[in-house]
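Number of protein chains: 2
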Amino acid sequence: MTALTELMAFQRDTEALGEVAGRLGWDQETVMPRGAAEQRSAEMAAMEAVLHARRTDPRIGDWLAAATPATEVEAANLREISRSYARNTKVPARLAAELARVTSLAQGKWAAARAADDVAAFLPVLREVVDLRREEASALATDGALYDALLEDYEPGATEAGIAALFDRMRPRLVSLRDRVLGASHAPAPLEGRFAEDGQLALSQTLALAFGYDLEIGRIDLAVHPFSSGSGRDVRITTRVAETDPFNCFYSTIHEVGHATYEQGVDPAHLLTPIGRGASMGVHESQSRIYENQLGRGRAFTGWLFDQMTAQFGDLGISDPDAFYGAVNRLSPGYIRTEADEVQYNLHVMLRFDLERDLIAGRLDVADLEEAWNTRFAADFGVAVDKPSNGVLQDVHWSVGLFGYFPTYTLGNLYAGCLFEAMKRDLPAWENGLAKGDATACTAWLRSALQQHGALRMPAETIEAACGHAPSEAPLLDYLDAKFAEIYRL
Amino acid sequence: MTALTELMAFQRDTEALGEVAGRLGWDQETVMPRGAAEQRSAEMAAMEAVLHARRTDPRIGDWLAAATPATEVEAANLREISRSYARNTKVPARLAAELARVTSLAQGKWAAARAADDVAAFLPVLREVVDLRREEASALATDGALYDALLEDYEPGATEAGIAALFDRMRPRLVSLRDRVLGASHAPAPLEGRFAEDGQLALSQTLALAFGYDLEIGRIDLAVHPFSSGSGRDVRITTRVAETDPFNCFYSTIHEVGHATYEQGVDPAHLLTPIGRGASMGVHESQSRIYENQLGRGRAFTGWLFDQMTAQFGDLGISDPDAFYGAVNRLSPGYIRTEADEVQYNLHVMLRFDLERDLIAGRLDVADLEEAWNTRFAADFGVAVDKPSNGVLQDVHWSVGLFGYFPTYTLGNLYAGCLFEAMKRDLPAWENGLAKGDATACTAWLRSALQQHGALRMPAETIEAACGHAPSEAPLLDYLDAKFAEIYRL
Numbered sequence: 001m002t003a004l005t006e007l008m009a010f011q012r013d014t015e016a017l018g019e020v021a022g023r024l025g026w027d028q029e030t031v032m033p034r035g036a037a038e039q040r041s042a043e044m045a046a047m048e049a050v051l052h053a054r055r056t057d058p059r060i061g062d063w064l065a066a067a068t069p070a071t072e073v074e075a076a077n078l079r080e081i082s083r084s085y086a087r088n089t090k091v092p093a094r095l096a097a098e099l100a101r102v103t104s105l106a107q108g109k110w111a112a113a114r115a116a117d118d119v120a121a122f123l124p125v126l127r128e129v130v131d132l133r134r135e136e137a138s139a140l141a142t143d144g145a146l147y148d149a150l151l152e153d154y155e156p157g158a159t160e161a162g163i164a165a166l167f168d169r170m171r172p173r174l175v176s177l178r179d180r181v182l183g184a185s186h187a188p189a190p191l192e193g194r195f196a197e198d199g200q201l202a203l204s205q206t207l208a209l210a211f212g213y214d215l216e217i218g219r220i221d222l223a224v225h226p227f228s229s230g231s232g233r234d235v236r237i238t239t240r241v242a243e244t245d246p247f248n249c250f251y252s253t254i255h256e257v258g259h260a261t262y263e264q265g266v267d268p269a270h271l272l273t274p275i276g277r278g279a280s281m282g283v284h285e286s287q288s289r290i291y292e293n294q295l296g297r298g299r300a301f302t303g304w305l306f307d308q309m310t311a312q313f314g315d316l317g318i319s320d321p322d323a324f325y326g327a328v329n330r331l332s333p334g335y336i337r338t339e340a341d342e343v344q345y346n347l348h349v350m351l352r353f354d355l356e357r358d359l360i361a362g363r364l365d366v367a368d369l370e371e372a373w374n375t376r377f378a379a380d381f382g383v384a385v386d387k388p389s390n391g392v393l394q395d396v397h398w399s400v401g402l403f404g405y406f407p408t409y410t411l412g413n414l415y416a417g418c419l420f421e422a423m424k425r426d427l428p429a430w431e432n433g434l435a436k437g438d439a440t441a442c443t444a445w446l447r448s449a450l451q452q453h454g455a456l457r458m459p460a461e462t463i464e465a466a467c468g469h470a471p472s473e474a475p476l477l478d479y480l481d482a483k484f485a486e487i488y489r490l
Numbered sequence: 491m492t493a494l495t496e497l498m499a500f501q502r503d504t505e506a507l508g509e510v511a512g513r514l515g516w517d518q519e520t521v522m523p524r525g526a527a528e529q530r531s532a533e534m535a536a537m538e539a540v541l542h543a544r545r546t547d548p549r550i551g552d553w554l555a556a557a558t559p560a561t562e563v564e565a566a567n568l569r570e571i572s573r574s575y576a577r578n579t580k581v582p583a584r585l586a587a588e589l590a591r592v593t594s595l596a597q598g599k600w601a602a603a604r605a606a607d608d609v610a611a612f613l614p615v616l617r618e619v620v621d622l623r624r625e626e627a628s629a630l631a632t633d634g635a636l637y638d639a640l641l642e643d644y645e646p647g648a649t650e651a652g653i654a655a656l657f658d659r660m661r662p663r664l665v666s667l668r669d670r671v672l673g674a675s676h677a678p679a680p681l682e683g684r685f686a687e688d689g690q691l692a693l694s695q696t697l698a699l700a701f702g703y704d705l706e707i708g709r710i711d712l713a714v715h716p717f718s719s720g721s722g723r724d725v726r727i728t729t730r731v732a733e734t735d736p737f738n739c740f741y742s743t744i745h746e747v748g749h750a751t752y753e754q755g756v757d758p759a760h761l762l763t764p765i766g767r768g769a770s771m772g773v774h775e776s777q778s779r780i781y782e783n784q785l786g787r788g789r790a791f792t793g794w795l796f797d798q799m800t801a802q803f804g805d806l807g808i809s810d811p812d813a814f815y816g817a818v819n820r821l822s823p824g825y826i827r828t829e830a831d832e833v834q835y836n837l838h839v840m841l842r843f844d845l846e847r848d849l850i851a852g853r854l855d856v857a858d859l860e861e862a863w864n865t866r867f868a869a870d871f872g873v874a875v876d877k878p879s880n881g882v883l884q885d886v887h888w889s890v891g892l893f894g895y896f897p898t899y900t901l902g903n904l905y906a907g908c909l910f911e912a913m914k915r916d917l918p919a920w921e922n923g924l925a926k927g928d929a930t931a932c933t934a935w936l937r938s939a940l941q942q943h944g945a946l947r948m949p950a951e952t953i954e955a956a957c958g959h960a961p962s963e964a965p966l967l968d969y970l971d972a973k974f975a976e977i978y979r980l
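Top to bottom, those sequences are chains A and B.
Under this note's numbering, think of the first position of the first sequence as 1, with each following residue one higher.
Under this note's numbering, think of the first position of the second sequence as 491, with each following residue one higher.
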């Protein structure tokens, strides 16, 4: 056996064990009995120890040194294994274990602090998390660029400087659009009323199938927070349902279907290999967002959804598909990122990006974080934060150490803008199917252009190969300007 | 750290990983998407490889040699680790892998052969399984006693000779009772009709709770074959439902609740240690069977169940609790072990025990198995087997290599007889709660006498400690004679 063959056989088992660990996470959020939490924590720790030992196995270094790739696929797999091996061997085992322990603890403290609106209760453990992640970044960084080292986990190839420059270009146009929309004399009315939960769940399954989600290799369950889980031939999603907010259920479902359809769409030849999954968090988000926003919140699809909802729930109190399209897309001031519209969402992300890179750089002390958040929020959104659960305590990310993750949300939106432009160019009749609740043509285009390749290429190259040009912000901003100018008659 | 401390820490992770592998099995039978089977097989194989490497880790031998137990619990854990280590290191890795491969293949071939009633299609792979298990038994046996070596996996301490002598003592009384019952002039009428599936499922949950199953650390799902899965704080059961056979749903549920309540009842101090689970297959079956038969099919509980079913489904077509008790317990001729009553079930087990020990000893060739089965069935049951799916192809066990497992079913019944006698002695008013659908007192007695200890003692000693005497067949046979003589007015 060649070094490459041995390495790939070893890696295949590691990938399979990674899937098992991921499925334990799914189980925990959907079906696990409540009293099993403590035992589960021991089970997860044992799995993580097995995975860590495999990912740092010194034989990987030997195999990598001796392996000679003959194809693009082999080279890509070696690239991914090499990245993972370098990352895992650079972080001392003591630090990795301490990070796992402290972030697990911090998540619980964050949840309690958010429920009690008590920032002070969260800050001591947040300081520990920040310090540990800075220490980890120091171990990972080759040139002292701490935030870049953290970004590498979520968006390989992206840099703090590049994202900062990008966000500086995007912010003025987004702020301008937001201000014009919120100051417009015309505004669509919201959807109001109560919508039976079983009807919402039935329709959300219809939506999932409309976008190409394959229930033969997936399933839909309820969970507190919607998520997608797994790669290859077992990719599960969850949704949630509230009687007064059917759009939350429907668009959460379509969002997760975007993530899951990406994983299901990867060429089965890459099953249980390092490239047999999404290329990055940003590219993943491009799939969830194009399904959710450009396609799902577009005029063609909302016209069909209006009929479906009317058939399911009777009179919606909204007169026609045009008013319904407005209700789906209306902007309103708000504190919460996850509830934000397509325009303001990116402003939320930019706020977090600037604060977290200051924390990692040591320019911002954890003790000053709440004040920094509130000052920045007032400046960006023109509203004073009323309570910490609507401000600095709203997101789980920092408690679990996800510094460097937030910007991938906006990168995903930007990628989605590029892909949408390219798709419309290749499929001039793209709205025909959507108007009948059938996204087959769009999914087929995305699958062919991007999804099937998994992580064959680096994130930016994945988008470039699909669109024919390097990712840029113009298509997204042009799309947003046009869409909301029309809805709000600007 | 002492050798004992190091060994127990290592073992705790192994136990946790074993729970993870078990939960993958639960997932596969309940919620896994159909198209995930091939990927799942790779995931299971990777988990099994991890577990096998841990269970044969040479450090275990060093730790065992150096460890000095100071308590009964420590000694029991060392005994179980030592048994597992000896067993796993004696079987060559090549043979273990080949057994896993062939039994996985054979299970599929068995299912297809049973569906087609085609014995010939199954025999070649069954021969492979028998040959591999004989080879494995040779590696495990210290004195050439092949079947004893296989028994050790399921009922440590039991021997072929001991079971053969036991079965020889039991058979005449069971045959005599069966013949008198089936020849009786009086017989209870069966329950007939259709019973809505949702009503059956609701009542089966009520039954599970009645017997002390704890949904805080468990859950109930549907599966093709009812089973119990997991140890410690996450013990799940499944049931099945057919409109025309509510007793199947109810008594399958109570049976699995017996298994699961045993696991849930083990002292949490033993969590994720080798003794933190049931002592053996036979002792496990004693819990499922005493719940299902002595308690669940007893007069007190069936009186309550009659009222519950009437409330749920309306008129049952059965006039009173006495006739209902008869319907629950009626005997009829039948080919299928899993559908057999309390009396004939053990005759099914004895048939399989004699055939499988002849196969393992080399006295019976696989080519002659069907004829041997049919001859024996006609002699034992007075009926000719009409087709292989009602005969030699009915059970999955041999296809997956479970030689030595069958006798534990009857050992479980025998243990249940001993436990029931002891429980009645200690709890003279044992029927009072059951008549109101409350098995709390019975479960508390079983928990205190047996369940809490897990595998602290060897199987026979577990029963002896609970009952005050070594296990024997007399209590079971006396109970059966008395019960069915009354029902059939013998």
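Calculated directly from the structure, the hints in this document are not laboratory data.
Bear in mind that the values here come from a model prediction, so they are computed numbers and not experimental data.
All residues carry an ideal CB built from backbone N, CA and C; glycine is no exception.
One or more of the hints may lead you astray.
What the hints assert, rightly or not - Computed spacing ranges between beta-carbons, pair by pair:
{"no.": "1", "chain 1": "B", "residue 1": "954", "chain 2": "A", "residue 2": "118", "range": "40 to 50 Å"}
{"no.": "2", "chain 1": "B", "residue 1": "942", "chain 2": "A", "residue 2": "190", "range": "56 to 66 Å"}
{"no.": "3", "chain 1": "A", "residue 1": "192", "chain 2": "B", "residue 2": "810", "range": "50 to 60 Å"}
{"no.": "4", "chain 1": "A", "residue 1": "121", "chain 2": "B", "residue 2": "582", "range": "30 to 40 Å"}
{"no.": "5", "chain 1": "A", "residue 1": "205", "chain 2": "B", "residue 2": "695", "range": "17 to 27 Å"}
{"no.": "6", "chain 1": "B", "residue 1": "695", "chain 2": "A", "residue 2": "58", "range": "44 to 54 Å"}
{"no.": "7", "chain 1": "B", "residue 1": "580", "chain 2": "A", "residue 2": "397", "range": "21 to 31 Å"}
Here is how each hint holds up against the structure:
The supplied range of 40 to 50 Å is broken by residue 954 of chain B and residue 118 of chain A, whose beta-carbon atoms lie about 57 Å from each other. Between residue 942 of chain B and residue 190 of chain A the CB atoms are about 58 Å apart, so this pair conforms to the stated range of 56 to 66 Å. With their beta carbons about 57 Å apart, residue 192 of chain A and residue 810 of chain B fall inside the hinted range of 50 to 60 Å. About 57 Å separates the C-beta atoms of residue 121 of chain A and residue 582 of chain B, a value inconsistent with the hinted range of 30 to 40 Å.
The given range of 17 to 27 Å is respected by residue 205 of chain A and residue 695 of chain B, whose C-beta atoms sit roughly 26 Å from each other. Against the hinted window of 44 to 54 Å, the Cβ-Cβ separation of residue 695 of chain B and residue 58 of chain A comes to about 52 Å, which satisfies the hint. Checking the proposed 21 to 31 Å range against residue 580 of chain B and residue 397 of chain A shows it is violated: the Cβ atoms sit about 51 Å from each other.
The structure fails to meet hints 1, 4, 7 from the earlier list, while all remaining hints are met.
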